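A.B. asks: As a plain string of letters, each chain reads:
Protein chains: 2
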Amino acid sequence: MKTKMTEAFRKYEGGLFSEVTKADVSVSISSLEKEGIDLLAWADPFYPDPSTPPHVIEAMVKAIKEGGANHYTHPIGNEELRIRISKKLKEYNNIDANPHRNIMITPGSDSGLYFAMLPFISSGDEVMIPDPSYPNNFQNVEIMGGKVVPVPLKEEYHYQININDFEDRLTSRTKMIVLTNPNNPTTTVFTRRSLEALAQFAIENDLIVIVDQAFEFPVFDGREMVTLASLEGMWERTVTVFSTSKGMGLSGFRVAYIVAEDHIMDTYYGSAVSVVGATNTFSQIGAIAAFDNDEYTKEMEASFLRRRDMVCKILGGIPGVHVEKPESGFLSWVNISKLGSGEFITDYLKRNAKVIVNSGGHYGEQGKGYIRIVQGALADEERLENALRRIGNALIELADNKGITNF
Amino acid sequence: MKTKMTEAFRKYEGGLFSEVTKADVSVSISSLEKEGIDLLAWADPFYPDPSTPPHVIEAMVKAIKEGGANHYTHPIGNEELRIRISKKLKEYNNIDANPHRNIMITPGSDSGLYFAMLPFISSGDEVMIPDPSYPNNFQNVEIMGGKVVPVPLKEEYHYQININDFEDRLTSRTKMIVLTNPNNPTTTVFTRRSLEALAQFAIENDLIVIVDQAFEFPVFDGREMVTLASLEGMWERTVTVFSTSKGMGLSGFRVAYIVAEDHIMDTYYGSAVSVVGATNTFSQIGAIAAFDNDEYTKEMEASFLRRRDMVCKILGGIPGVHVEKPESGFLSWVNISKLGSGEFITDYLKRNAKVIVNSGGHYGEQGKGYIRIVQGALADEERLENALRRIGNALIELADNKGITNF
Ligand SMILES: Cc1ncc(COP(=O)(O)O)c(C=O)c1O
Ligand SMILES: Cc1ncc(COP(=O)(O)O)c(C=O)c1O
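In order, the protein sequence lines correspond to chains A and B.
Per the UniProt record's numbering, residue 1 is the first one in the first sequence, and the count goes up by one each step.
Per the UniProt record's numbering, residue 1 is the first one in the second sequence, and the count goes up by one each step.
Hints were generated in silico from the structure; no laboratory data involved.
The structure presented is a predicted model; accordingly, all values stated were derived computationally and were not measured.
The beta-carbon is built from N, C-alpha and C at its ideal position, and this holds for glycine as well.
One or more of the hints may lead you astray.
Stated by the list, open to error - Partial list, computed: chain B residues near chain A (C-beta under 7 Å):
{"#": "1", "residue": "Met60"}
{"#": "2", "residue": "Ala69"}
{"#": "3", "residue": "Asp262"}
{"#": "4", "residue": "Thr267"}
{"#": "5", "residue": "Val273"}
Let the sequences and hints guide you as you build the complete structure.
C.D. replies: Right, here's the structure in full:
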């Protein structure tokens, strides 16, 4: 029956017939724990340790006990949650969104991102995607029959946008740009200057831009987090996808939201039930509580900062290793190209440091000499530090064996 | 920006610029209650009244209080739940599914159905869909660029499959059949004979069959519920989509599951994160409890039976109205063609009986002279009876005004 599938789908393997491991997929946490292996590869804060905020627990427990949470909410999402989100959009994103016309709740931003792109992509449409980038961005375009046009982000520019690299790749079929801001895996917070250049390019060439802001907070060192849709002329051509999974720490809740102007949203509302379906009823109640009182995210931010500094301190200065100081969130993007490929190092670290990290090649061509470390994993910072030290020591040993003495 | 969308998407309106009302969408329950209107139009048992089984509440409250439910589960679903489902598949569906290779949990069966079809459909592929049928079946094919080939189900055959009607519509582009069994809106439980004929047709013509068993229980009057994938030669070409939303009453949980043979599942596993994303973590724990102890569904079944008989008693014999006795679940499919179109009657009942039901035209061409009533709504059977009586009286009055005296 596989021969009856589209070409795009035929190449996706789920691991039933191979040893392929997808980024972020196919690990069983209990079997890893038995082997004493730490998983620093899932972008899920404090995974796998309990870390639901108490007031969110309370709100959900109440809703569940009342017994009505077994029913559907409106397919576009709980009205109160949409109203609460519209306030947040005004305060944090400088966006004036009508909760009844511009916001749709989705069961996570993975399906949200897919759905946001879907109406626009026909066979052969070209979609520009910064490389490295979240793997689903590439996969989604392929599934829809579009053509991925990777645009390299370069370490020497601190992974900011170089608009010439976009202009060089423009064709008459270019239809869309998909941007993750801040970027996963590089943690880059795109500067106002980067985004203004991108906006001008999008407007001049009449392009749609999908922006994934799953990692929009926290950003570090006083950086400005600019929402592209708030720039002049961009509201009408930008669809922004947000999530409660990362900075709010609610990955398992599966609550995300899409923000777009009325005409695009009208189509989304009209096809929401068919493609994504309604979002979990009690999760949305938990999300309301989380938005209403988001003090706890400050503690998360402080912990993420400590963890960032831990990574920089432990891995900084190791021969053959270069860590760009993370600009946001809880990931690190580490250049290990002098020591080996991302695949090789990932494998090496699993065996020698008992830590699983992500191989950079999952995030695009540009990522081949990199690994991604999720220092936001594990609630216990000592345990995390221990895992990072094991990584550091294993890399020092490798550099030593290879006779590498500087970066 | 709408001009940049695919043709299929451009026609879907969400109601922001029109008065279009989609089946099952865009009603606010609180505003209806203020107007004294009962909603018998959402396929959600006992909606909107509290009806989560106590032991399911207990399991979820425990999981949430433990605090770890904020984390992702494995994208293909909680392992324990998959194991529990494999037992159910053996006991109830006569299917031998490996929980590690043949089952995938999805956040509801709406996205599950979409996802199940997606890898197979390219532009121009023809998909046979019984008419009337669940509206998403048509919409999904259109969104994917396929061609919908409706195959009429006829009241005179009790909506069973007449394989000649499929054979007449076969072309070299026919790729797939999408079957809802039992059917929504007609409640038809397809007989072994219907399904054997369909299986033979699918095998002879090398077709994929997607079967939606959201309504697989309860079925009434000792009917046999046959799972197509269990018939000889069908496992390899059938993808079955199940849900906990209907017979198990857990709509708001968003837990459904796809069952397929290894090769198809390998592709699903490989693209799951990108298209559907993981399923809610605590809902899956609630679903395990529901599967472990499903005694409560017997009470639901008894209530559905009483409700069915209520509909037949109240609407049976009204001039110009014909109710086929529902074969399963909690819906009724009522022929009102002598009194007016489904659109007209739906409107008329909203104004004159203060009840919202679904217009049959949403379910396909064949449905134009019908309405769908969800007698499974409302926990209080007296309130339901009252609503049904208002429908009955309003229809009697209409028949009277029109001078119609028999069916
Ligand atoms: C950049 C980015 N976007 C979106 C997602 C999906 O998050 P969710 O579906 O939990 O909202 C992830 C998850 O890793 C991510 O890294
Ligand atoms: C026939 C049928 N299939 C699937 C669904 C979707 O159910 P869910 O997404 O809640 O699993 C519905 C909901 O009304 C339905 O009627």
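A.B. asks: For every hint, state whether the structure bears it out.
C.D. replies: Right, here's what the structure says about each hint:
Interface restraint check: Met60(B) against chain A, minimum CB-CB distance 5 Å, threshold 7 Å, status holds. At about 5 Å, the closest approach between the beta carbon of Ala69(B) and any beta carbon in chain A falls short of 7 Å, and the interface hint on this residue holds. At a threshold of 7 Å, the smallest CB-CB gap from Asp262(B) to chain A is about 5 Å, leaving the interface hint in force. Of the supplied interface hints, the one on Thr267(B) holds, with its beta-carbon coming within about 5 Å of a beta-carbon of chain A, less than 7 Å.
Evaluation of the Val273(B) hint against chain A yields a held restraint, the C-beta minimum of about 6 Å falling below 7 Å.
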